[in-house]
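A.B. asks: From first to last, the protein sequence lines are chains A and B. The first sequence begins at 1 in the numbering used here and counts up one residue at a time. The second sequence begins at 1001 in the numbering used here and counts up one residue at a time.
Since the hints were derived computationally from the structure, they do not count as laboratory data. Quick caveat: nothing in here was measured; it's all calculated off a predicted structure. Possibly wrong hints are sitting among the right ones.
Some but not every residue of chain B turned toward chain A, in silico, with C-beta under 10 Å [what the hints assert, rightly or not]:
{"hint": "1", "residue": "V1014"}
{"hint": "2", "residue": "T1048"}
{"hint": "3", "residue": "L1229"}
Here are the simulated distance ranges between beta carbons [as the list claims (entries may be wrong)]:
{"hint": "4", "chain 1": "B", "residue 1": "K1350", "chain 2": "A", "residue 2": "E367", "range": "48 to 58 Å"}
{"hint": "5", "chain 1": "B", "residue 1": "G1353", "chain 2": "A", "residue 2": "N80", "range": "45 to 55 Å"}
{"hint": "6", "chain 1": "A", "residue 1": "L369", "chain 2": "B", "residue 2": "N1307", "range": "26 to 36 Å"}
{"hint": "7", "chain 1": "A", "residue 1": "N80", "chain 2": "B", "residue 2": "S1028", "range": "35 to 45 Å"}
{"hint": "8", "chain 1": "A", "residue 1": "I397", "chain 2": "B", "residue 2": "G1353", "range": "27 to 37 Å"}
{"hint": "9", "chain 1": "A", "residue 1": "N454", "chain 2": "B", "residue 2": "T1048", "range": "29 to 39 Å"}
{"hint": "10", "chain 1": "A", "residue 1": "I397", "chain 2": "B", "residue 2": "E1250", "range": "11 to 21 Å"}
{"hint": "11", "chain 1": "A", "residue 1": "A437", "chain 2": "B", "residue 2": "R1337", "range": "48 to 58 Å"}
{"hint": "12", "chain 1": "B", "residue 1": "E1250", "chain 2": "A", "residue 2": "T358", "range": "56 to 66 Å"}
{"hint": "13", "chain 1": "B", "residue 1": "E1006", "chain 2": "A", "residue 2": "Y452", "range": "12 to 22 Å"}
{"hint": "14", "chain 1": "B", "residue 1": "N1307", "chain 2": "A", "residue 2": "L56", "range": "26 to 36 Å"}
{"hint": "15", "chain 1": "A", "residue 1": "E400", "chain 2": "B", "residue 2": "N1307", "range": "16 to 26 Å"}
All residues carry an ideal CB built from backbone N, CA and C; glycine is no exception.
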Amino acid sequence: MADEKEKLPLDARILSEAIIELNISRRNVSLYPRGHSLIEGSLNRAFELLQKLFELRPEITLSVAKDTLIIDNYFLDKKNPVYREFALHLSKLNIAYLIFITGLTKDELYEFHRFLSEAAKESTSNELQEILKGHNVIHIKVGFVDYSAFSFREGETKQEASEQHLWERYVYGLLEGSLQTGDIPDGIQDIPPELLATILNKARTENLKEESYDKVITTYIRRSSERAFSSKELKRLMDFINGLKPELKKQFLSSAFKSAPKDIEATENALKDVSVDKVIELLDTINKQKVAVPEPLKILLEKFSSFQPDGIENPVFGDSIIADDIFISPDIISLLSEGNFEAFVTNTYQKEIEKLLTFDASAATTEKLDELKRECDEEYLERDFNLIILEFASSPIVSEQDYNYFIALLGGHAVQFLGTGQYERVLKILKVLESNAAAKLFPDATKAALDYFNSPEFITQCVDSFRIIGREAREEALLLCDYYGESIIPRLIDVLVEEDSQTIRKFFLSLISHFSNKCIPEAIKRLGDQRWFVKRNMLLILREFGGKEIIPHVRPYCHHANIKVSFEAIKCLLKSGDRYGVDALRKYLRSESNEIVEQAVGFSGAFKVREVIPDLIQMLKKKGISGVNLSDKIPVIRALGQIADPSALDVFRELLSSKSLIFKGSVEKLKMEIYMTLKNFPYEAITDLVEAGLQSKDEQIREESLKLKRQYAD
Amino acid sequence: MPTDMEAVRKFISVLMSTISNCSLYTKSHASIDELTQKALSILNELLTGADRVEIMLIENDLIVNKAPLRDVGVHGNTFIKRIKRRGISRIDFLAGITFAELKQFIADMSETDKEPKTYPHIKTGVIDVRLGGVKVDANISAEALSKLTTQQLEKVKDVYHDFSPFSKLNVAGLEEIVVNFIVTFKKEANILKLISPVKSHSEYTYTHATNVAVLSMVQAESLGVKDKLLQDIGIAALLHDVGKMFISKEILDKKGTLDEKEWQEMHHHTMYGSKYLARIDGLSRIAPIVALEHHLAYDGHGYPKLNVRVRKQHICSQIVAISDFFDALRSRRPYKRDWDIKEILALMQKNAGTDFNPFLADNFSKIVMTTLK
C-alpha cells in the first residue's frame, strides 16, 4: 500500500488535506462557541475541501485502524501527528469508518464535530449511534466496531494455533457469507498469505462460489477496481497463490486478474519493484493454469521475464548497495558474499544445531524449574521490569519522550506496589525522581511526576494501602510516612477516626505517633468535628503528644455530653497537670452514677492526682450498708495505693482495725487489697502495718507482709 | 444502562492487587479477604440491574460489556498478560457471584500453572468469530506450521528490519516465528538449512539471533519449561541483541579493535535494546530484562553498570547468556576462528560461578555432550 502523499490519487489527496482541517476544526469546536472566527475559518476550509471532493466522486470512505487512517487502500502516513491524532480520536470512539456523502452541509459538519467532542470514549456502539442521531448528521455515515461478531466458547483455553483457528473461521464466514456482522474488519489483512492458502485448501470447494473467492481477494488484497495492484500487493498475492491447491489456483487467478490494470504504464509501475524471480514465477503459474491475463500485463510480464537476474535487488549507489535506509559499503558486500557467509556458520555447526533440535525434553531435569517459574511469575517479572524502568529513568541515554513514557509507567507501577504493600519500591521510585530533580534531569517532567506522587490522591492511595496491608510492612510504611512528612498526617487521622477495627486503629495510631507533636495542629483542628468518637480520638492524640499548649483547646470538652469525650479530655488535662482537669474529675467523683464514679476513681489513681486524695478518703470513710458497698471501695483503695501518698495510710489503718461480723468476707478482701497496695508507699511509713500483717491470721496478708519486709531488707 | 468504566478499572485494579498478594504472599494473607471483599463490592455495583459483566480480550484491547475500556493502566496491562498466559480471552462475572467463588477464582489466577476452572458465577473461555451455522473443522494441520519455510525466514528478516527507531515491532510476527520453532522442535525440521541460502547484509545477526533462540529454548525445555513461558523465552532470546540496531554500523562492522569510546558505545546496546523493548505493548517482560542483562554476568561484574542497584541476573538472562556465548564462539567471524565445542565448554566451565550460572552451564554441557556425542 502506498504511504506517500504524492502517490495518492487526487480525491484521496484532497481528503487527506481535509483531514488536517477537520482535525483543527474538531479541536476548535471543543474549545470555542459556534460563530467564533477560529471555528468558522477551519470549518470553511474543511468544508470547501470536501466540496471539491464531491465534484470528483459522490462519496469517499475513511477507514480507521487504531492509529492509522486509510483512504480506499492507501494508508496515510502514520508519522504525521495530525493523521495519527485524528485516527486515535476516532478509534477511541469505536469508529471503524466514516463515509462522507455528497450533500453534506456546513451545519452537519459542525454537528459532527460536536458529536466527536461530546461522545464519551467508552460508550457502546449503540449508545454512540444514539448520540449521533441526536446531531442529525445525514451526509456522514459512521460505522462502529461491532464486537458482537465475537462469540464466547466457554471453558476453552486458547492453544497456540487458535489465533489461526479464529481467522480460519472468519475466512469461512466471509466465503459463505455467514459472518454475522455487516462489515469486514481490517484484521483479515493480518493473516499470513500461506496460512490463508492453507485454510482455503481445506475448504469444501464444491460449496463455494466464485464470488466468494472474489470477496476474499478483494478484502485480502484490498484491490481497488480503479487501480492496478501495487508491487507489495502482487508479492503478497504470489505468496498466497503459491500455497493453494492446483484446482484453487486457477479460480483465484481468474478472480484476481478480472480487473487487472488496463494501461501499461500503471502495470509497469506495479511490477517495477517485483523481483524478476517473482515475475517469472507468476508468469509460470498463470501459464500453467491457463488463465486469461489482460494484454498489457501479459506484455509486461514477458518483458520482465526476459531480463537476466543480477542477484541484487536493492538500489545501487556506485559500488555500494542501499538496503532500506542502510548504506552497505563494498567491503561489507564482499564480506557477506556467499563464501564469507558460509564461513560464519559452518556446515558442522549447522549440523550440530540441527542435532540439538532433536534433544529429548522428556528426560528434562526439573531441579531448577520451580526457581525458574518463580522468577518468571508476572509479579516477579513486573518487579524486575520496574527496576529496569528506574534504570532508564536515571540514565543519560534516554530522550525526553522516552523519559515521559517511563515516568508514566512508574506512576502505574507505584500504584501496583501500593496494592501489594511493597512500599520500599515506591520509595525507590520517589528517590530516583528526587535525585533527578536535584540533577535537573528533564525538570518539567520530573516536577510533574513529583507533583503527582505528592498529590492528595496519591497520598490517599498510600494510606488506603496501609489500612489493608500496612501492618505486614510496618517499617516500610513508616519510611514512606517519613518521606511524606506532615502532609500524610490528615490522611492517617482520617483512617483513625473512621476505622471500625481496633487493630487497624491501633496500627494507625502507631503511625501517627511516629510524627509525635507534629500531629497536634491537625488534631486540634478536628476537635470541632461533630462526631463524638472523632473528638475522643483527637483528644487521645493530644494526650499522647501534646504539651501545655493544648490545654485551652481541651478544657471545653471536660463537660461534654458524651462522658467518653469528657473523660478523654480530663485525662488529657491530668496528663498536662492542669487544675481544670482536677476540678472536673472531682465533679465526676461525686456523680450519682456508680459507673462514672468508678471511672473517675480509676483515672485519679492512674494519673496520681493528689488533689483528690481527700475525696477518695471521704469515699472510704463512708459507711456502707452492704457487702456490695464494701467491694465498691476496692477501686478507691487501689487508686490511693497508686497515688501512694502517706496521708492515705490513716484511713487504711482504720479499715484494717475494723471488724464486721455480717460482711466478714468483704472486709477481709478490703484488708487484703490494702496490703497489696502498700508496696507503693515508703517503707518507713508502713512499718507498723507490715509488722501487724506478719501477725495476721490471714495467710495471704502474712505472705504479702513478709514480701514487703524482705524487699525492704534487700 | 452504560457500564461505569471507572468502576471497571477500579475492579480490575483491586482484583489484580489481590491476585498479586496471593502470588507474593500466601492465600491466607490478611489482606486477601479484605481485598476480595472490596473487589466483590465493586463487582456487585457493576452487576446492579445487569445479569453479567462481560470482559473480552481482543489482541491487547479489553472490551467490557461490548464497549472498549481505554487507559487500562499498569493493573489493566498485568491483567491482560495474566489472562493471556492462561489462554483465556473472555471472562464473564454473573449476578449472584459469592465471596467464596471470587476468592477461589483469585487464588486460581494467582497460580501460573493451574488450569482455569469453571465456577457457578464466573465463566471463562475464549472468543470466536460468530458465524451463522457453519460447521468448520477446527484444527489446522500442525504440519502446515511445522516447517520453517523461506517465507518464514523472511519474516525473521522483516521483524529485524522493523527495528528501526522509526518503526514499530511486529510482535505478532515474532510470536508466530517462535511458535513455529516450538512446532519445529517436535517435527525435527531443519532451521539452519533454511537460513543458509539467504545472503543479505544482516544475515549473521539473524542467524545469531535464531541460533541463540534455538539454544535457549533447548535449555529451557531441558529444565521442564513448556508452553507460553517457553515461547516467551524464545522471543526474548531472539531479541536479545536488538539494541545493536541502534549502534552505528561503523562500530558494529569494525574489523580492528574497538577503542575505549567505541567499546563503551557497544556496551550501550543492552540499554538501547531493553529500552526499545520496554516500550513494546504485548511483549513479555522477559524480553527487555534479557536484552538488558545478557552481558551482566552471573556475579554481576559485566555490563551495563546499573545506577539504581546491583541486581542479580534473571535466570532467563543466564540461559540466554550461555547460548549467546556458545554461538558467538562456535561461529566463525572475520576476526576469529570457530572454536571447538570442547574448548567452548571448557571455557564455560572455567567461568561458571563468575560469568555463568554453574548449574545452567553444567546442564548446557550435558545437553551438548549427550546430543552431539
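A.B. asks: Now tell me, hint by hint, if it's right for this structure.
C.D. replies: Hint check results:
1. Because the closest C-beta pair between V1014 of chain B and chain A is about 8 Å apart, less than 10 Å, the hint holds.
2. For T1048 of chain B, the shortest C-beta to C-beta distance to chain A is roughly 18 Å, which exceeds 10 Å, and the interface hint is violated.
3. Evaluation of the L1229 of chain B hint against chain A yields a held restraint, the C-beta minimum of about 6 Å falling below 10 Å.
4. A beta carbon spacing of about 22 Å between K1350 of chain B and E367 of chain A contradicts the range 48 to 58 Å that was offered as a hint.
5. At about 54 Å, the CB distance of G1353 of chain B to N80 of chain A agrees with the hint of 45 to 55 Å.
6. As the Cβ distance of L369 of chain A to N1307 of chain B is approximately 33 Å, the hint placing it in 26 to 36 Å holds.
7. Remark: the range hint 35 to 45 Å for N80 of chain A to S1028 of chain B is contradicted by a beta-carbon distance near 55 Å.
8. In this structure the supplied range 27 to 37 Å holds for I397 of chain A paired with G1353 of chain B, their Cβ-Cβ distance being about 31 Å.
9. At roughly 36 Å, the beta carbons of N454 of chain A and T1048 of chain B sit within the given window of 29 to 39 Å.
10. Take I397 of chain A and E1250 of chain B: their Cβ atoms lie about 19 Å apart, and the range 11 to 21 Å holds.
11. Taking 48 to 58 Å as the suggested C-beta distance range, the pair A437 of chain A and R1337 of chain B conforms, at roughly 52 Å.
12. Range check, E1250 of chain B to T358 of chain A: about 41 Å between beta-carbon atoms, so the 56 to 66 Å window is missed.
13. For E1006 of chain B paired with Y452 of chain A, a C-beta distance near 18 Å keeps the hint of 12 to 22 Å intact.
14. At roughly 59 Å, the beta carbons of N1307 of chain B and L56 of chain A sit outside the given window of 26 to 36 Å.
15. The hinted range of 16 to 26 Å is satisfied by E400 of chain A and N1307 of chain B, whose Cβ atoms lie roughly 18 Å apart.
Hint compliance for this structure: hints 2, 4, 7, 12, 14 are not met, and every other hint is.
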